[in-house]
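Engineer: Sequence:
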Amino acid sequence: MLTTHTREAATTLQRPPMPKDGRQRKKLRFDPGLFATYIILFVGAFIFLAPFVWLISASLKDDAQFNLVPIKWIPDPIVWSNFVRAFTEFHLDLYLMNSLWLAAFSVVVNIVVCSLIAYGFARFHFPGRNILFFLLLSTMMFPAQVLTIPLFSVFRQLGWLGTFLPILVPKLFGLGATYEIFLFRQFFITLPKEIDEAAQLDGASTFGVYWRIILPMAKPTIIVTAVFSFLDSWKDAWGPLVYLNDNSLRTLPVGLLFFVRNLDDIAYPELMAATLIALAIPTIFYLFGQRYIDKGVVITSSK
Numbered sequence: 001m002l003t004t005h006t007r008e009a010a011t012t013l014q015r016p017p018m019p020k021d022g023r024q025r026k027k028l029r030f031d032p033g034l035f036a037t038y039i040i041l042f043v044g045a046f047i048f049l050a051p052f053v054w055l056i057s058a059s060l061k062d063d064a065q066f067n068l069v070p071i072k073w074i075p076d077p078i079v080w081s082n083f084v085r086a087f088t089e090f091h092l093d094l095y096l097m098n099s100l101w102l103a104a105f106s107v108v109v110n111i112v113v114c115s116l117i118a119y120g121f122a123r124f125h126f127p128g129r130n131i132l133f134f135l136l137l138s139t140m141m142f143p144a145q146v147l148t149i150p151l152f153s154v155f156r157q158l159g160w161l162g163t164f165l166p167i168l169v170p171k172l173f174g175l176g177a178t179y180e181i182f183l184f185r186q187f188f189i190t191l192p193k194e195i196d197e198a199a200q201l202d203g204a205s206t207f208g209v210y211w212r213i214i215l216p217m218a219k220p221t222i223i224v225t226a227v228f229s230f231l232d233s234w235k236d237a238w239g240p241l242v243y244l245n246d247n248s249l250r251t252l253p254v255g256l257l258f259f260v261r262n263l264d265d266i267a268y269p270e271l272m273a274a275t276l277i278a279l280a281i282p283t284i285f286y287l288f289g290q291r292y293i294d295k296g297v298v299i300t301s302s303k
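Mapping to the UniProt record's numbering: the sequence shown position 23 is 23, numbers consecutive.
If you're looking for bench data, these hints aren't it; they were derived computationally from the structure. Since we're looking at a predicted model, the values are computed, not measured. Beta carbons are placed, not taken as given, at the ideal position from N, Cα and C, and that holds for glycine. Mixed in with the good hints there might be a few duds.
[Stated by the list, open to error] The calculated label-pair distances, taken between Cβ atoms and stated as ranges, are:
| no. | residue 1 | residue 2 | range |
| --- | --- | --- | --- |
| 1 | 130 | 159 | 33 to 41 Å |
| 2 | 100 | 49 | 22 to 30 Å |
| 3 | 169 | 54 | 39 to 47 Å |
Sequences and hints are given; from them, build the entire structure.
Structural biologist: What follows is the structure, given as structure tokens:
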């Protein structure tokens, strides 16, 4: 038989816990505003994701399925050979390697060059520093195409056309990376100068302070710069189209452009497969650094 204490304990366990203030929990009520918000978000997500889903579906179809109306979203049969033909017939491997190593070069150079320029603006005082920084920021208002004709003339006189030099050399001077310089500069000015002074008292040089102490502290900004630099280089079709006139030097965006040059004879499923690969790589790279991007932007915009 259960004792009195046992019965009381069992009753207590079966009774739902009361709030500390003794009030019953309020019942969930339908919120029209919240419901409308979720509907709008769902519709917006569908609008943005539908083209990407269609791209995946189209890359796995044959020509007959691709031309069906209405759209057949689930391919039957699935044609995986579209990706193989994209590499063999479209030379996707060549364009992919060119884009990858140019993007890697852009990432490394932009991190070093932009952080050095930003360190100078943040830590050194010289006449006209703020005016010069303002002029640097003002260059963001002008599109890159404004400098195309002058740079083309210079590179032609130097004999650089048809090589990667017109793409690589400007990056060594921070050309086109004004925003990344701004991000580094905003982060560096948030660091107390006592860090530099303490390191210099320990015998560190100016470059040693930058390289061994300041730059490692800028990890969020480094990752943000790496992601932005990779994406900018990966999607750049203007520079390679103007300066690289050899098929072996083409990057992936330019290769896709030449893939559709003959509108009467386009292998659309293979084109969709190549486009999907071109989109997948930067998407994966962005997702890898996404958690650092918001943190880096917040840190650099705090002052």
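Engineer: In ascending order, which of the hints set out earlier in this document are inconsistent with the structure?
Structural biologist: none
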